[in-house]
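Trainee: Heads up: the protein sequence lines correspond to chains A and B, in order. Residue numbering for the first sequence follows numbering that gives the first Met the number 0, starting at 0 and increasing by one per position. Residue numbering for the second sequence follows numbering that gives the first Met the number 0, starting at 0 and increasing by one per position.
FYI, nobody ran anything at the bench for these hints, they're computed from the structure. Glycine included, C-beta positions come from ideal geometry on N, C-alpha and C. Treat the hints with care, as some may be off.
To be verified - Some but not every residue of chain A turned toward chain B, in silico, with C-beta under 10 angstroms:
id, residue
1, ARG97
2, PHE101
3, PRO112
4, THR114
5, THR118
6, VAL415
7, PRO483
8, ALA485
9, TYR486
10, GLY488
11, ARG490
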Amino acid sequence: MNTLQKYSSSALLLGLGLAGCQPEMHSPKYDRGTADFSKYVAVGNSLTAGFSDGGLYLEGQVYSYPNILSQQFAKVGGGPFTQPLFSDAQSNGSGYLRLAGFTTATPPDEPSPITANVTTGLAVRGFYTPPRQTTPIPLQMPPRPLYTKITDFNINNLGVPGIRLSDIETVGYGSQAGNPYFERITPDAQATQTYLARVTASNPTFFSNWLGNNDVLGYATAGGYSSFITSPTDFADKNSKVIDALTAGGAKGIVATIPDVTNVPYFTTVGPRFRAQLTRLGSTGFVALTGAGSTRKLIARDDIRNDTGGRQLLTLTSSPYLGLLGTVGGRYWRELAISQLRNPTTGAVNQLDYQTLLGALIRTAAVDTTKAFGTPENPLPSALILDDEEQQQVLTATAAFNTAIRSKAASKGLAVFDSNAFFSGVAQSGFITNGVNNTASFITGNLFSLDGVHPTPRGYAVIANEMIKAINAQYGSTIPFVNPNAYRGVRIP
Amino acid sequence: MNLKQLLLAGGALLGTTVAQAGGFQVTLAGQKNNGMGGVGTGLALDQASMFYNPGALAMVRERGVQIGVNATMARQAFRPQYAQYGFDRQLDNTVTTPFNVYAGFGPTEGKWRAGIAVYTPFGSKLDYADGWEGRSALTEIDLKSVFVQPTVSYAITDKLSVGAGLVVFAYGAVNLQRDIPVQNAGNGEFGHIELDGKADQKIGYNVGVYYKPLDKVSVGLSYRSQIDAHVKGGDVTFSNLPNSAVVASRFTASKFDVTLPLPATFNVGIGVMPSEKLTIGFDVNYAQWSKYKQLEFTFDQPVNGSTTSSSVRDYKNSFTFRLGGQYKVTDAFTVRLGGSLDQSPVKDGYVTPETPDANRLGATAGLSYKFGEHFGVDLSTQFISLKKRTQTQEELVANGTTDRVAGTYKTNIVIPGIGLNYTF
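Using the sequences plus the hints, can you model the full thing?
Mentor: This is how it looks when you write it as structure tokens:
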């Protein structure tokens with residue numbers, strides 16, 4: 000009996016002792032490799048700023064890929080990373096789109112998302128009224144919002160929504176007449192400082208540079224109707240200048256290539272549905288404008304790109320107008336003129352200017368709005384469709400830009416995140432993160448926000464991981480990844 | 000004690016383990032065997048022979064009733080390849096209680112023995128931490144099985160006996176939960192799905208041969224057939240999904256069917272008795288896990304737009320090697336030691352959260368004490384260490400197994416157990 004007690008209690012102790020034996024793995028060792036992350040500076044455009052859902056707002060800033068990167072860099076000796084954050088009271092920043100719901104559709108039509116503008120809690124400090132324009136037509140353009148200036152200009156995230164590489168040497172780009180996002184982070188005393196000068200003064204030990212998207216994107220999202228593509232020579236020259244400025248102090252860094260913008264939901268969502276609708280209606284196509292003038296182009300229904308093929312891409316913005324095909328009228332042109340002239344606070348539109356602008360728009364396009372929409376007399380506006388020829392220009396320019404980016408990076412021994420290859424892969428077969436399949440689909444794909452171009456927090460986290468991968472490979476570091484699923488996709492009501 | 004009573008007795012203790020052996024096997028069928036590395040095919044230790052080798056039952060000297068219960072305590076660390084935080088994930092601690100009940104009868108000097116066994120040969124219970132990286136693959140699983148096995152055994156000669164059991168898969172239940180990677184706008188929560196069902200009753204068999212050519216040597220062979228755990232019309236429950244019809248219309252299922260193979264095992268054992276006091280056993284088990292190709296659920300209505308959900312398993316057949324012995328210190332007191340080497344049926348790059356399997360190394364110890372002629376207590380403890388196992392996202396992509404999560408698993412399991420036996 001005594002023996003039993005002795006043995007049983009020791010067996011019990013053994014059991015309990017082992018039960019407390021939580022398996023331990025060696026603490027992860029993270030190493031910075033040959034890079035020095037003590038002062039990380041991020042250079043770029045809206046993607047770098049954390050722009051999402053058609054606006055720049057606090058949540059997007061917090062989930063910007065540079066901020067995510069800096070949190071991971073902190074594990075290998077990275078220093079503080081200051082962002083030009085909007086305050087909590089003005090957390091909605093420029094305003095943005097939210098998902099309000101979905102249309103009710105009778106199958107086979109699919110419901111469409113309904114978005115609404117967030118207009119409260121903005122960081123608008125005032126307005127800049129541009130001088131009355133006299134050419135090509137006399138017009139008073141409406142005031143443009145100016146955003147609350149940051150107070151500490153010593154920031155690490157220099158991402159400026161809207162900036163093109165071709166803008167980096169533009170004097171006055173940080174003034175009230177320039178880019179409001181750059182103006183916001185530019186000290187008043189240095190209103191003439193160019194973006195390149197600001198970058199030069201940042202003096203990083205490590206940098207990321209992702210400039211150049213807007214040098215094709217503006218043209219593409221405008222369906223080739225407005226904006227322009229930067230010349231490859233200018234692009235290569237300015238890309239070189241930025242990289243030289245960033246590496247002048249011996250900094251290491253990562254650069255990213257320009258993705259093929261034709262793979263984003265902004266261009267891939269509406270077309271396939273519309274093609275299916277046209278098929279049901281027995282329509283074989285329509286006429287659209289191409290470029291900025293009055294050139295017409297026949298768009299065959301089966302040439303609208305969907306899973307099975309086709310080339311023509313309809314923009315997300317075309318959605319409200321496609322239902323008007325075949326009916327008489329010029330709603331698109333009226334709304335375009337109003338959107339360009341509307342006073343952002345009062346909503347008022349100067350009627351004289353409106354008539355002037357509308358007339359000019361219609362004359363330039365040579366449109367007769369008394370004819371059916373989609374016919375040669377009243378074609379689909381160019382801005383609603385990125386046709387094959389326009390795409391070709393975008394693709395050619397993107398390829399040239401990426402060659403410039405890669406060769407400059409190679410000459411400086413920089414890490415490269417090939418976002419072009421990465422997002423092509425995403426568009427083709429999705430991207431799985433910890434068992435979750437993410438795709439390039441609008442709303443349901445998790446990666447793209449409600450504007451159809453800019454990533455969601457999930458998308459930015461995926462970008463950060465891919466950059467970490469490239470940095471680790473280039474500099475022999477072992478920076479840990481983040482769990483992208485911990486960052487939201489699109490929240491559905 | 001009839002079958003119904005046994006089942007009721009079992010019901011009170013109903014539980015399983017954190018996959019105590021390879022795959023989701025649980026080889027804790029006898030408390031004496033548990034202390035000896037799980038050997039038993041080549042031995043005629045006690046009534047638990049009904050599980051290990053029905054052929055050996057006729058050679059078990061005593062008749063008796065015995066009951067055993069174990070407490071399986073698993074501790075797991077998981078380090079995701081794509082983590083959010085700088086610490087390892089740990090399982091929420093669960094304790095499960097696999098059990099066994101045996102009753103053996105027969106004439107004192109006769110060649111026949113008969114009996115009934117109740118045991119829990121398959122099961123798994125895992126409860127992952129909230130918000131863990133693999134949440135869309137699994138958040139919780141609870142897999143249970145109870146087998147009831149009426150058994151007969153006949154000694155053809157003094158040296159050779161055979162036996163067979165009718166294996167009744169009397170009770171099986173599965174509860175599987177995971178998060179759906181759709182976030183609602185209300186609170187940002189992920190959707191959640193729970194699958195809960197009971198398995199149909201099925202019949203299988205367990206047969207064995209026991210041969211003792213020499214006084215000091217015995218050998219045994221046994222085979223337990225495959226039984227498919229088939230759940231028909233299990234309940235599907237969704238929670239936390241967005242209300243919008245675009246999402247809700249894709250998640251309308253209410254019932255599911257699934258089939259899970261509980262594989263056949265082929266067992267060979269050798270027993271050596273160098274002296275009256277010392278018994279040593281060596282077993283090899285071969286489990287036909289290759290039958291487990293995929294886990295496929297079919298639904299009455301869509302789950303994320305599809306009425307089926309299939310996940311690759313592609314398990315491989317696997318061996319387990321066991322070595323153990325007992326030493327009779329006194330007539331009443333026996334000590335046991337053993338070890339096992341358990342090959343994982345899960346291939347590299349195929350590890351799933353519901354079976355975070357790896358090759359296992361087990362160390363066991365046990366003792367028995369007899370209070371007088373008839374009554375005895377068996378104590379056992381097992382410590383099982385699963386080899387640290389890493390799979391990368393790159394491997395998952397290459398294997399087409401990206402429905403699970405990349406990272407490193409390390410699991411330890413401790414299983415103390417107690418058995419009571421009454422022999423006559």
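Trainee: Would you mind marking each hint as holding or not holding in the structure?
Mentor: Structure-based check of each hint:
For the restraint placing A:ARG97 at the interface with chain B, the shortest Cβ-Cβ distance is roughly 8 angstroms, inside the 10 angstroms limit, so the hint holds. At its closest, the beta carbon of A:PHE101 sits 5 angstroms from a beta carbon of chain B; the interface hint therefore holds under the 10 angstroms criterion. With its C-beta approaching chain B no nearer than about 8 angstroms, A:PRO112 sits inside the 10 angstroms limit, and its interface hint holds. At its closest, the beta carbon of A:THR114 sits 13 angstroms from a beta carbon of chain B; the interface hint therefore is violated under the 10 angstroms criterion.
A hinted interface residue such as A:THR118 counts as satisfied when its beta carbon comes closer than 10 angstroms to some beta carbon of chain B; here the least separation is about 18 angstroms, so the hint is violated. Because the closest C-beta pair between A:VAL415 and chain B is about 19 angstroms apart, greater than 10 angstroms, the hint is violated. The interface hint given for A:PRO483 is met, as the beta carbon of that residue sits about 7 angstroms from the closest beta carbon of chain B, less than 10 angstroms. Hint status for A:ALA485: holds, given a least beta-carbon distance of 4 angstroms to chain B, under 10 angstroms.
The restraint placing A:TYR486 at the interface with chain B holds, with a minimum CB-CB distance near 9 angstroms, inside the 10 angstroms limit. For A:GLY488, the interface hint holds, since its Cβ comes within 10 angstroms of a Cβ in chain B; the closest pair sits about 6 angstroms apart. With 10 angstroms as the threshold, the beta carbon of A:ARG490 comes within range of chain B, its nearest partner Cβ sitting at about 4 angstroms, so the hint holds.
Of the numbered hints listed earlier, those contradicted by the structure are 4, 5, 6.
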